[in-house]
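So the chains spell out like this:
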Amino acid sequence: MPAWRQALTLAATQGVWATAVYRFGHWAYDLPSPVGLPLKVAYKFLNKAVEITTGISVPASATIGPGFYIGHFGAIIVHPRAVMGAGCSIGQGVTIGTQGMGKGDVPVLGDRVYVGAGAKVLGAVTVGDDVAIGANSVVTRDLPSGVTAVGAPARPVQTGAAKLYPVK
Amino acid sequence: MVGPALQVAYLAASKAIEITAGVYIYPGNDIGPGLYIGHPGGIHLNPDVKMGANCTLSQEVTLGTSAGGRAGAPVVGDGVYLGAGAKIIGEVKIGNGAHVAANSLVVADVVEGSTVMGVPARVMFKPAPAAAPSAAASATAATNSNGAVKSG
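Residue numbers (this note's numbering), protein chains in the order written: chain A, 1 to 168; chain B, 1001 to 1152.
Derived by calculation from the structure, the hints in this document are not laboratory data. Please note: incorrect hints may appear among the correct ones.
[Said to hold, decoys possible] With a cut-off of at most 27 Å between alpha-carbon atoms, the simulated DSSO-like pairs for lysine-lysine come out as follows:
| no. | chain 1 | residue 1 | chain 2 | residue 2 |
| --- | --- | --- | --- | --- |
| 1 | B | Lys-1015 | A | Lys-44 |
| 2 | B | Lys-1050 | B | Lys-1093 |
| 3 | B | Lys-1015 | A | Lys-48 |
Could you build the full structure based on these sequences and the hints that come with them?
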């Protein structure tokens, strides 16, 4: 693929739009009010445009480390208070949020956590580093570092496999 | 000069489909005739995915590669039904006439004519042993395409 087409494809990737708008919003929300206000208003419009065109909702108030990667798009919901470490990667259809039913606690993810397509991480859950969560899994309990967890509810099925995945 | 212009036009068209329909299918995908997509949204295919004739794709279905060394893309046979939210991950083969239930995670080969369900998916119904495999597969394929037309 020629360089111009690689650049165009990257710029046309929905995950890049969502990550860029999240980074902008997260930066703008720490600015003092007179300078920050127009940027925050601009962020609100950009964020809504991203939500409508990509189905990715990553609020500016979420805490997400560097190297965040969203490969595809659609029905990706991250809670405003969610915490994710560096080098995390989430697939399409992923929810990282509360358990609902009056329980407001949100997950804390470590570094290099891979969340497969359609997986849900819900409630006061702490996920360690180098964890892979299988597609369509539902994580409602803590996961230690270095495991691959699968199932609804998710259980660790093997250790050490997550590092094989080349997180971009 | 025609090539780059067409590629840019294709990119614009594919983005329009992705944004309006939420369906992500590559030009490199090898998909047989009679593909039926019942409902749009959240459908993602890896560029190397191959699908046979008369398959049904439901909403939120992913066919792709994933973590833990599960490189390689799925190969889907003829007349396969993939239920809503099903994820088929890695270099697995889905046999002719197989049914994958909604929200299942398939990480192992699925035998021709069987029905699988669960995360990870387990066999729920095995194919009838008396029927010849090819006949059973084509019969299921016919049922699938008919069912698709009715429900659509």
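Outcome of the hint check:
The suggested pairing of B/Lys-1015 with A/Lys-44 holds, with an alpha-carbon distance near 23 Å, which does not exceed 27 Å. As the CA atoms of B/Lys-1050 and B/Lys-1093 are separated by approximately 10 Å, the hinted pair is consistent with the 27 Å bound. About 18 Å separates the Cα atoms of B/Lys-1015 and A/Lys-48, which keeps this hinted pair within 27 Å; it holds.
Violated hints are absent here; each numbered hint is respected by the structure.
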